[in-house]
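For this one, chain A is given, so just place chain B on it according to the hints.
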Amino acid sequence: MDLALFRRRSDYEWEIPAHGAMRVPAVIFADEALVRAMDDKVYAQAVNVAKLPGIVKASYAMPDAHWGYGFPIGGVAAFDPDDGGVVSAGGVGFDISCGVRCLHTGLKRADVMPAQKALADALYDRIPAGLGSTGLIRLGAGETEAMLTRGAAWAVERGWGRVEDLERIEERGQMPHAKPGNVSPQAKKRQRDEMGTLGSGNHYLEVQEVTAVFDERIAASFGLAPGDVVVMIHCGSRGLGHQIGTEFLKRMAIAASQYGIALPDRELACAPIRSDVGQEYLGAMRAAINCALANRQILTHLVRQVFAAVLPRANLPLLYDVSHNTCKVEEHRVDGASKSLYVHRKGATRAFGPGHPDLPPAIRAAGQPVLIGGSMGTGSYVLAGTAGSEALAFSSACHGAGRAMSRHQAMRTFGGRQVVDDLAARGILIRSPSTRGVAEEAPDAYKNVTAVVDAADAAGLARKVARVEPLVCIKG
Amino acid sequence: MGIRGFGETCAQAFEQAGLALTAVVADTGVVEPRVAVPIDCAAPDAELLFADWLNSLIYEMSTRRMLFAHFDVRIDGERTDGMRLHATAWGEGIDPSRHRLAVEIKGATYTALRVARVGGEWLAQTVVDV
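Chains as they are written, first to last, in my numbering: chain A, 29 to 504; chain B, 14 to 143.
This is chain A alone, in the form it adopts within the complex:
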């Protein structure tokens, strides 16, 4: 993008002053190189979000922002219900509560490497991954309602996890005010065979090694040290969330004009928070968040089973679980007063700062763990929320690297088999049912995650804590 389009607030904060129908400015957090490399559509989309009713302070874009659907991926916006604020199905997206969780293993690299191949094969055998794969669990109607109401807490009650996992999940594993009755029979049917599945595309399960620590105090609080082996799981609400997103996108696109909302882009389909459609969506969307939390909890259980069989010395407590595509009601300081706002994060991570009461006591002083997924061949990062993040962007940070190349371009550029062989030569074992999928997800199809994370750190959105690199990757 052309830097002349922005007012430079600092080296890492770029403002698009409010103009035309914009109600607030738009702000992009990134360094100069990242802003220059961003798609022009990020500018247009950040501006469009700033035109929505009831938006508070600004429309924000994180350092990994790229062209999305309505909102940019990496977009954050908060809406005030007292000021006609809206909730947007487009602003949450199809993969509701897609997120990442990180498990400790209690093992070091040296413990794992002798069993690396056995571990990769066992995980691939046990974790349903890829298009058309089905989970081992079939839910009846009553169980589906319970799952959609209680999320990971339901999964733990069913024996798929530990009670102590729950405090390490946003909303303590159970999104309140979910309304399973607002979820259509079609959405429930789409989920019928998909509980405990990874999905495909950029979803993955990785065994990783901590290769660098940047903040020893916070890393110690998180239980991370160089050489430690962790497991990261990236997936979401599967077919149920996709169907809810699809249905409410259409309903809100049609209903917007009835509420007098002029949509700058149909994909920004939204409805007033205090409207029937808005409330119905919130109930369904929260149920989808619970579905995602339950799904990652079941996958956690499967991972623990595999480690128990292959590396029985392992213990796998949960470090933390974050969600990326959500709308959540949060209290934030605005102009000196506390306001209850509906914060949309589309491809962005909540990043509560130190001392936030919603964080578990053991890590509260450190700030919320922010888990940033990279690509199969690069690294991922663990960051921590900062005290200043709330004032910057409603306690939000980036969520990943972002694609540098389209899937089509990647498929034409890389061979899936070659990618697997190249990574194996570097000591990274890939297991996937789809060689084409591996080609489309080749490491070089992604941007440099380190540049994104460094910008988030320098901007003050979140503090860099540790870098992890893959040893095993299960791709859907």
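Watch out, some of these pointers could steer you wrong.
Chain A stretches covered by chain B per the calculated footprint, using a threshold of three residues with CB under 8 Å from any CB of chain B [unchecked claim]:
hint: 1; stretch: 117–123
hint: 2; stretch: 208–219
hint: 3; stretch: 271–285
hint: 4; stretch: 289–301
hint: 5; stretch: 432–444
Source of the hints: derived by calculation from the structure; they are not laboratory data.
Don't be surprised by glycine CBs; every beta carbon is placed ideally from N, CA and C.
Showing chain B alone in chain A's frame:
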């Protein structure tokens, strides 16, 4: 990922876009049209109808674990309450050993959504989220 269908009629453009949808997921050349699935949808205008058509296919692919290779679409645009689509999609169950699978599709977005006559033919396009 963007998909685009062209045709002499709007219905043909929808059919070709259906094929493009399958190409996102798998190798279309090896999908056999063995089973017929009826699809009906309605929307206030042609663009929302197109998104509905794709989302109906995505739903059937997901719940039936099928891929589709041939489409017969009929569009009724003369109604006062909007537009309706009646279609049959032919395909078969997913076979990972033959279909060279890539990614599943989450939904058809309204990004770059367009149904229009361009030059002498119809165009139907949008971006699907994978």
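Legend entry - Hints violated by the structure (listed by number, smallest first): Nothing - there is no hint that the structure violates, so all of them hold.
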